[in-house]
Amino acid sequence: MVLSRDLGVRNTTTADAKGRYEFRDLHPGIAYFNVTVEGRTIPAPSKDLPASASSLDIPVTGLTINGGVKDSHGNALPNADVVVVDKTNGTTIRTRADSGGAYSVRGLLGGMFDVTATSGDFATLPAILTIGPLGRLGFNLTAYPSGTLTGTTFVGGNVRGHVTTDFTNLADRSLTRSITSDASGDYAAILPVGHWTVTGRHYESTRLFAVLSSADVTQGRTTTFNPQFVDGAEVRGTAYSGTLSNITRGASVTFRSLDTGEINLARTSNFGVYIVWIPQGTYDVQAVLGTNVFQDRRTFTAPTTLDLSLRFRPVFSGITYRDMNRDGIREADENVAGARVSFTDPTGRILTVVTGTNGTFAAPLDPVTSYAMIVDAAGFVPRSSGPATPASLTTPTAIPIVARNITVTGSLQSEGSLLTGSAISILFLAAGGGAQTRDTFVSGQGSYSVSLAPGDYQVIVDENVSANSDAERWQTKGEDRLTLEVGVGSVAHDVDIVRRTKVTGSVTFLGNLVSVSVLFDGPESLVVDAANGHLRTYLTPGSYTVYANRTQGSETFLFAGTVSVAGPLDLPIALVRGTQVSGRVTVNGAVFPDPVPVVFTRAQGGTFRALSEPTGTYRLAVPDGDFTVSVDERTTQTISSVLRYVRVRFSGSLGVPADSTAVPFDVPATRALDNTTVQGRTTIGGAGAAASISFSGRGAGAINATASASLDGTYSVALQPGSYNVHAVSSGLGSAFLGTLTVSPSQDTTLNLSLVPAFTVSGVTTYKGEVRVSADLTFSGPGDVRMRSDAMGAFQLVLPPSAYSVTARVSEVENGLAVEYLKSTELVLTGRPDPLNLALERVARRGVTLAWDSFQQLTVPAGAEVTYTISLTNTGNLEETYGFSGAPATWKFSFRPSQAQVGFGTGGKTASIEVTITTPKDALVDHPDVTVTARSTADTATTGSVTVKVGIFPRRDLSLVVSSAVPTFDGRLLNYTLTLSNGGNVRETVALTIPGINELAARGWIARFAPPTGGERLTEIRNFSVDGNATRSVTIVFETTGGGTGTMATVTVFAENLQTLGSSVTFPLSLPQLEGDGRIGASGPNIVITQDLPFPLLAVLITLLACVSAGVLLTKRRRR
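One rule links them: number in the numbering used here = place in the sequence shown (from 1) + 354.
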């Protein structure tokens, strides 16, 4: 939208898919812009519109949200899925975190967003984020082990939609989530694992419905929970201590239902106020803050105001834990959070507190009352104690509770089928987390059921197939681990087993039994320790390659052979001296510095691998036999300064004779580009069509290639991994495709191209007026097409309809410099276009430098002038005219010539400029830098500067006078102000002294300087600095000890480094003078004349007062 400031006329238009827009008939002058996009109106800077046509881009800045996804322990969650929902328009943006858990979402506009992340069974709570003009960086997300709650909301027994329910995690009440059901009343929510209190309110007209319940969320599971809203009551009030004016802030307020035992948790505000919505009924109501408590039982059937008066009670504390290692000692990782600890007094009233994240609780109780205590937590057996006093109930303070056992059921499976009719036992071996080892038997129908404590288990089956023989055993197929979380009701777990055959054997070395490790590699891979030379294990039937080796000194003794395991087997293994095979690996005749794996495959059984060193050498020990030697390594290598994907290959054979000690074998491998095959079909209207296809690289590593699609449209081409532009044109030039492609390493790609009706774009490229020139052209749209016009500047290509940015450029050498000519334009291709003729313009590159030879430096008196020569160099690629200026502004500069026209390159790019600098008459020795600047007359932003040195001869002069300001006297201290002047052009450091200080003291005056920086008065001032051509004031204080007027005082100033440079001032000390002329008068420094006393009036008043007093006295005497 564009709004004219002068006319108030508003114009609007809609940009196309490429963001291009056009306005017609706009009024010239100041106009205000804004852009409406994705539901937002974004203001843009105002512009002064010209009278003629113009191009004006309006930037809309894309914002970024980034951060990391971690679990509650701070560990990164790699490859987490992050979902960002734009709350303004509902747009959902999905991205995936990297291997370090970092994520980034770009291209956003300001506003409110809902951000969540999931990784397997881990999920975050929705985070509401508002981003401003800078985006939001470092927005980290915490994911918790989670499960799903689904259900339907009921109000008054009927299904209702759009009902909001609040969920609060009892173990960590900072985890809360509000969920609103859809129109049909259904909802689904992913929540962290744990026990959740469920509250909420809903109004139908003026009728209040409320819910108070709880739900358990299990990791990786979906649980159904239907919130039931029933007739409710609103309860509000104020918590206070003593009087209502003494409000209690932050008190925990709990309503515990007498019917269901569910609790509603609230907290008083900064004004001591609370409010809850609860189902109608009877509740134990409490408010707790430290040692203060309110407790009562109330019934609520209507809106109620209930103020809570808290009173002091002693606090009894404890901590709940699960003794997972059963040592009777509480450890930090055993604490149980979210446990409800309830104390019931003799009247039946219940006080309930909830343990925090560290398992602790604190309950204010009457110390002499006997309470029944119950500790209850989700997934645990309730623990009851008492009745007893609080002290007894909480001694010891660590209170263990026992987790409920979990029923595990399943079946015994072998090769995918239920195994029946066998009396096999399953061992559940405790591996931590509170688990307890147990075993159970499988029924004849192949099923089992066992009750286990929560924790981590290894599931093991190891039983003879026949009771009378150990030749075959049923064993767990692989490592089988089972984790049981607290609170899970039941778990299904099938056990997969296999029938294995006993294999025994002996390992000998030079006829003696030795302890080594033996590897069986076949249907399964197993390493067996042959202790004291004997081995015993069980293997799945099949063919195995057996390996064993032993190193003694520099020699390797080994065994390799193939055995078939079909029944019980005794295997003799004799270690023999291995033959050292060594050599050098080369790639295309040169040493390859990266490690290359070389594989020796033995016809008699066994595969041996070596890895080349950076020098290309390798070495390994093998038994005698016939070997196939191969190399097949996919890697990367820099070729002609470009990192390429390559494949290194070799295939050869080697015979190793028996009893040989060493065999040389070089590996001359070859290298080829490890290209990926891209294949597909070109079609027009769904039918295959012949076409020419070009692939051009968009980034480093990609290679340019072409392919021809056959009459049926099929094609195939080999490409290096990378990013490509794809441009396809049908054989009849009437249809085309343009797009992009990303080729991944070692992964063949199918790319089908649907060609659409296209148009031929043609024209010529010119420069330097109408001179035709061959130029590089780029058409950027859905992809990029690059081409070059011919020697006459003519070009022609076929493009599908779209909007394109067109750039033509050519570079040539002028005066020894590369000069570029460029033209950019836009092409909206919707029909047959006019000729696209491109007149390239020179790309100006401007620059200038100045240089001055310091040997020219002169030192002159202030006010004199110097003349220097400055060298100017045009570093640009076109002829320039430069003007000149100098600084500081108080100095005068004269340039010859005043302007300089300078060529470029080999055409004379330097010039000499003469500058005359006139120094100010008051120029200081330490003056600002003197700079000379050259500025292009065509582009004032193009400048170059140089600093020249001009020395100023020093001139020194000091003077000291008494200030014209009137001295001040307060009856004790007489203050004079002195003015110190530096008439020179050098900063001076001086000292001030009072030569006759002792004589002044003898005459009744104590003379001191007032310190310039404050503090005690000084007899002299040292290291006092005064800038050149500047003055400073100094105060000297004379304290009278009986001194009189007329005493002469002298102050001297001199330079610290030249005492002969100085000045003195002598002045008389003058006190105020009193004068008697029939009235009180005074004169002197700082004396002000006040109003005269009315002496005649005072005499009359005194006479009247005397007469009155005499009359009163005579009257009293007569009465006597």
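Note that these hints are calculated values from the structure, not bench results.
Cβ coordinates follow ideal geometry from the N, Cα and C atoms, glycine included.
Hints may be right or wrong, so weigh each one.
Said to hold, decoys possible - Label pairs and their calculated CB-CB ranges:
1) 994 to 1193: 16 to 22 Å
2) 994 to 945: 35 to 41 Å
3) 1026 to 1255: 55 to 61 Å
4) 1058 to 1193: 40 to 46 Å
5) 391 to 944: 54 to 60 Å
6) 1012 to 858: 25 to 31 Å
7) 1099 to 515: 30 to 36 Å
8) 603 to 1365: 50 to 56 Å
9) 982 to 944: 44 to 50 Å
10) 944 to 786: 50 to 56 Å
11) 945 to 492: 56 to 62 Å
12) 997 to 488: 19 to 25 Å
13) 502 to 1026: 34 to 40 Å
14) 437 to 974: 47 to 53 Å
Consistency of the hints with the structure:
no. : hint                     : result
1   : 994 to 1193: 16 to 22 Å  : violated, 36 Å
2   : 994 to 945: 35 to 41 Å   : violated, 19 Å
3   : 1026 to 1255: 55 to 61 Å : holds, 60 Å
4   : 1058 to 1193: 40 to 46 Å : violated, 29 Å
5   : 391 to 944: 54 to 60 Å   : holds, 57 Å
6   : 1012 to 858: 25 to 31 Å  : holds, 28 Å
7   : 1099 to 515: 30 to 36 Å  : violated, 51 Å
8   : 603 to 1365: 50 to 56 Å  : holds, 54 Å
9   : 982 to 944: 44 to 50 Å   : violated, 25 Å
10  : 944 to 786: 50 to 56 Å   : holds, 54 Å
11  : 945 to 492: 56 to 62 Å   : violated, 46 Å
12  : 997 to 488: 19 to 25 Å   : violated, 36 Å
13  : 502 to 1026: 34 to 40 Å  : violated, 51 Å
14  : 437 to 974: 47 to 53 Å   : holds, 51 Å
Taken one by one, the earlier hints fail for this structure at numbers 1, 2, 4, 7, 9, 11, 12, 13, listed in ascending order.
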